[in-house]
Each structure stands twice: as structure tokens, then as C-alpha cells.
Amino acid sequence: MLKKSSFLKELIQNTVESVLDEHSILAITDATGNIIYANKKFCDLSKYSIEELLGNNHRILKSGYHDNSFYENMWDTISNGKTWHGDIKNKAKDGTFYWLKTTIMPIFNNSKKISHYIAIRTDITEIIEIREKLIKAERLSVIGELSAQLSHDMRNPLAIIENANDILRLKLEGKLDEESKKVLKYSDNAIRRLSHQIENVLDFVRSNPLKIQLSDINEIIYLGINTLNIPNKIKINVDNKSLEIQCDPFQLEIAFKNLIQNSIQAIEKGSIDINYVELQNEIIIEFVDSGPGIPEDIIGKIFDPLFTTKQKGTGLGLTSCKNIVEQHGGKIFVKNNPTTFTIILPKNIPSQFGYKINT
Amino acid sequence: MKNKLSGIIIDDDEDLLEVTSMFLELKGIAVKGTGYNGCDADRLYQQTHPDFVLLDMKMPDYDGAYAIKKIKAYDPNAKIFVLTGYIDYPFEKDKVEQIFPKPYDIKKLVAEIMQAC
Numbered sequence: 001m002l003k004k005s006s007f008l009k010e011l012i013q014n015t016v017e018s019v020l021d022e023h024s025i026l027a028i029t030d031a032t033g034n035i036i037y038a039n040k041k042f043c044d045l046s047k048y049s050i051e052e053l054l055g056n057n058h059r060i061l062k063s064g065y066h067d068n069s070f071y072e073n074m075w076d077t078i079s080n081g082k083t084w085h086g087d088i089k090n091k092a093k094d095g096t097f098y099w100l101k102t103t104i105m106p107i108f109n110n111s112k113k114i115s116h117y118i119a120i121r122t123d124i125t126e127i128i129e130i131r132e133k134l135i136k137a138e139r140l141s142v143i144g145e146l147s148a149q150l151s152h153d154m155r156n157p158l159a160i161i162e163n164a165n166d167i168l169r170l171k172l173e174g175k176l177d178e179e180s181k182k183v184l185k186y187s188d189n190a191i192r193r194l195s196h197q198i199e200n201v202l203d204f205v206r207s208n209p210l211k212i213q214l215s216d217i218n219e220i221i222y223l224g225i226n227t228l229n230i231p232n233k234i235k236i237n238v239d240n241k242s243l244e245i246q247c248d249p250f251q252l253e254i255a256f257k258n259l260i261q262n263s264i265q266a267i268e269k270g271s272i273d274i275n276y277v278e279l280q281n282e283i284i285i286e287f288v289d290s291g292p293g294i295p296e297d298i299i300g301k302i303f304d305p306l307f308t309t310k311q312k313g314t315g316l317g318l319t320s321c322k323n324i325v326e327q328h329g330g331k332i333f334v335k336n337n338p339t340t341f342t343i344i345l346p347k348n349i350p351s352q353f354g355y356k357i358n359t
Numbered sequence: 001m002k003n004k005l006s007g008i009i010i011d012d013d014e015d016l017l018e019v020t021s022m023f024l025e026l027k028g029i030a031v032k033g034t035g036y037n038g039c040d041a042d043r044l045y046q047q048t049h050p051d052f053v054l055l056d057m058k059m060p061d062y063d064g065a066y067a068i069k070k071i072k073a074y075d076p077n078a079k080i081f082v083l084t085g086y087i088d089y090p091f092e093k094d095k096v097e098q099i100f101p102k103p104y105d106i107k108k109l110v111a112e113i114m115q116a117c
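In the order they appear, the protein sequences are chains B and Y.
For the first sequence, the working numbering assigns the number 1 to the initial residue and increments by one for each residue that follows.
For the second sequence, the working numbering assigns the number 1 to the initial residue and increments by one for each residue that follows.
Since the hints were made in silico from the structure, they are not lab data.
Just so it is clear, the structure is predicted and the values come from calculations on it, not from any experiment.
Take these hints with a grain of salt, some might be off.
What the hints assert, rightly or not - Keeping only pairs whose Cα atoms sit at most 30 Å apart, straight-line, the calculated DSSO-like set for lysine-lysine is:
{"#": "1", "chain 1": "B", "residue 1": "211", "chain 2": "B", "residue 2": "181"}
{"#": "2", "chain 1": "B", "residue 1": "211", "chain 2": "B", "residue 2": "91"}
{"#": "3", "chain 1": "B", "residue 1": "41", "chain 2": "B", "residue 2": "101"}
{"#": "4", "chain 1": "Y", "residue 1": "108", "chain 2": "B", "residue 2": "175"}
{"#": "5", "chain 1": "B", "residue 1": "211", "chain 2": "Y", "residue 2": "108"}
{"#": "6", "chain 1": "B", "residue 1": "185", "chain 2": "Y", "residue 2": "108"}
{"#": "7", "chain 1": "B", "residue 1": "91", "chain 2": "B", "residue 2": "269"}
{"#": "8", "chain 1": "Y", "residue 1": "27", "chain 2": "B", "residue 2": "185"}
{"#": "9", "chain 1": "B", "residue 1": "181", "chain 2": "Y", "residue 2": "108"}
{"#": "10", "chain 1": "B", "residue 1": "9", "chain 2": "B", "residue 2": "62"}
{"#": "11", "chain 1": "B", "residue 1": "181", "chain 2": "Y", "residue 2": "72"}
{"#": "12", "chain 1": "B", "residue 1": "47", "chain 2": "B", "residue 2": "331"}
Start from the sequences, fold in the hints, and give me the full structure.
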């Protein structure tokens, strides 16, 4: 190693701390993990004040993401006098999570015992999030291609079964007893269920560019409702006013249909109210149902692909819905009491989100 | 009285061809021919002059889009019904009577054929 000149030594001593403060978390704990020094970046990221951190054990930042063996391994390493490197997910005071690339080094006292640990950590939350998104996107694209292929391949056999049922009905007209008729009906229902799932999968994997045209929200909602089987015990109330925006009406119909279908399955009986208002630059559409609401422990996951609580669900309906809304440059969110899905759509879609067609 | 309604059916799925023909025959429609690709469709149309064509889209060698081009060039009044699993398949949608995504309700299909022909 090069011998440091006194100039360099001085420079490092005087400035290294401020550079570190800009770049990293710097923390010192005693031998049991109680924090005795924390720099400003530590406070900024963890959202704790310096008073709250000092004297507290580093455990308060545990996110619950890593299992016990992860921390055991870390403690084994540093308590044996070695340096530990790793990526840790921590939880800030406000409950948000952040990722830190971490190096922890033990410091020895005169009698060669560990007296402190010094840790430098760099915020890598953004990188981890991008990486997770990429992995997810890649996995979904493979699943997407596979399921699209499977769905297409199922259509011909389904058409054959459906046609065969109709032939049997024609040929045996008048000769079928009630039970046999019922059996054919079951078969028809099964075909319908499969077709519905295929449509769901294909809606999800199709990433066609939007075909934007001036369309009436009221009309799109009714088109969606008309293709659904609405049970007698459910009443759907729609704001009956015309409201025109620039959008892809076919895609929005799929999104609305998925939301209404979701409500129908959630409430069994009751009402679904669909309201919309026009603001200066955007419109807000609300789907409110009289159901029991969405359990708090799953409400954060309902838009995730393949997440479903239904035996007959694909876990793609609400994901498609969210994709379509976001493709329009809009947002969708959900809350309970009463169960409300809110969609916000810009009146004029930014040009990167689609192309216009002439109508 | 008009002669018995007649059609040709083109699909590369043999079983589907079979059951579709069977249903049409049961409904009193003559199936004048069946084929497996767009080339068959064109040839059968010119040979049999049917009232309508039931046409699959994605088929090997010559697809349904090819058949639409050829048949419409030969007879601009040809009545073509597309039965397909691929809704997004590129073809001249304005040249056909109707598009039925698979699986389709064959009773509805027959009703549409009767109305159009």
C-alpha cells in the first residue's frame, strides 16, 4: 500500500466523515448492539430522531423479513471478530421498509475484547425494488406466454364439447329425462366457466396499445353490465349521466366488468353503486358495494397477479383492471366501510400511453 | 322455394369440423365441403359456390386471412363467418359477416347464418 502523505491523512481525517454522512448510514453500537452513535442519514432513513436511536437496541429496526438464522449468522460472524457484509431490509418508524447494503466491523479494546461494532450502510432500496420488479416482470412474461398458449389451445376442444352437447340435445329431443337434461346443463356450465377463465387470462396477457377514442363512461359501464350475469338479489345503481373522455372503451369495459364481477361475488346480495364525477383534468369513478368489505390482512394484495381467495378465481381480474387503468395514466385504489374501488382517470391521456384512432 | 342452404367449413381441427358439420346437417343445412387451410377454402368455394363459408383463422400454410382475400376477389358477395380462438389475429375484418370467438354458441351461429343468407 502507498504510504499516505500527511496532506492526505489530514484530508481524510477532516472530510471523510462529511462524505460518509452524505453517502451512508454510520452507526456505532456497544458490544450488545445498543446504539451509541448514529449519523444524520441514519435518522433520515429510519425516521427516528437521534434521541430515540441512542441507547436503543438496533433490533427496533427489524423488519421481520429475514429469519432468525440470518441474524444469528450475522452475530456469529461479528462476535467472532470478523467483518460481516450483507443486504438487510429494515423497518422505519413509520412502518415503511428500506434496504441497506451493510458492512459491520467489530472494534477491539486494549485487552483484545470486542468493545463496539461499527456499521456502514448504504441505501439500496431503489435498486432492490427495481430488481424485484424485473424478476417479477420476467416471470410473468413467461407465465403469460405459456398461459396464453394454453388458453388458445383449450378453445377448440371447448368448442367441440359445446357443439357435441348441442348435437346430443337435438338428436335426443323429447327423449331426455330431467336428470339427463341436468347433466348436459352441468357440462354447459363447466364450458362457460372455462371460457370465462380463458378470457380472464387473455385479457391479462394481452398488452395491446390502447386505442383511444372519445367515449361515454355511462355507455361503457352499461356495456360491461350487460355481458354479466347479475343475480336477482343484487341491484346495480348507476349514475345516469353522460360523461365523455378520451379512453379505450373496450379496455375500460373489461376493467369495469372485472370490478363489478368482483363485487357480485363478494356480496351475494345487496347493492352496487357506480358513481362518477368530472373534475377539471380528471374523472373519478367509484364502485361501492354493500358487502362485508375486504379483510385488512389481504387488502394490500388484492391487485397482485395470481392472488385470489375464490375457488373459481384466476387471480387476474383485479390485476387486469389495475393494468388497464394504469395504461390510461390513471390510478385505482380500494378502501373499506363501505367497500369502495376508486378509479381516477385523466381526461386527456398523455400521448405515451396510447395512440388515437379516428372515429 | 329456395334450395337448401349450403356452406363449406374450413378448420384445421378435424374433430371440430366433424361436429360443426353434423350440427349444420341436423339443422337442414348442406355442408358441401370441408377443408383444412385457406387454400382448401378458396378451391372449395370456387368448386361448390356455397351460400356461406365458416372459416377458422390460424391454420397451417394458408391461413384464414389468405382465404378471405382470395374468396372475396373471386366473389365480392361471398358471405364469410370467422370462427377463431385468436381475436387479435390480423385479417380484413370489414370483409366478413361476423366473427365468433371460440368456443361459440353454435345455435346462435346458425341463427346468424340463416339471417344473413
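Verification of the supplied hints:
no., hint, verdict
1, 211(B) to 181(B), "violated (44 Å)"
2, 211(B) to 91(B), "violated (42 Å)"
3, 41(B) to 101(B), "holds (14 Å)"
4, 108(Y) to 175(B), "holds (23 Å)"
5, 211(B) to 108(Y), "holds (29 Å)"
6, 185(B) to 108(Y), "holds (17 Å)"
7, 91(B) to 269(B), "violated (41 Å)"
8, 27(Y) to 185(B), "holds (21 Å)"
9, 181(B) to 108(Y), "holds (20 Å)"
10, 9(B) to 62(B), "violated (37 Å)"
11, 181(B) to 72(Y), "violated (42 Å)"
12, 47(B) to 331(B), "holds (28 Å)"
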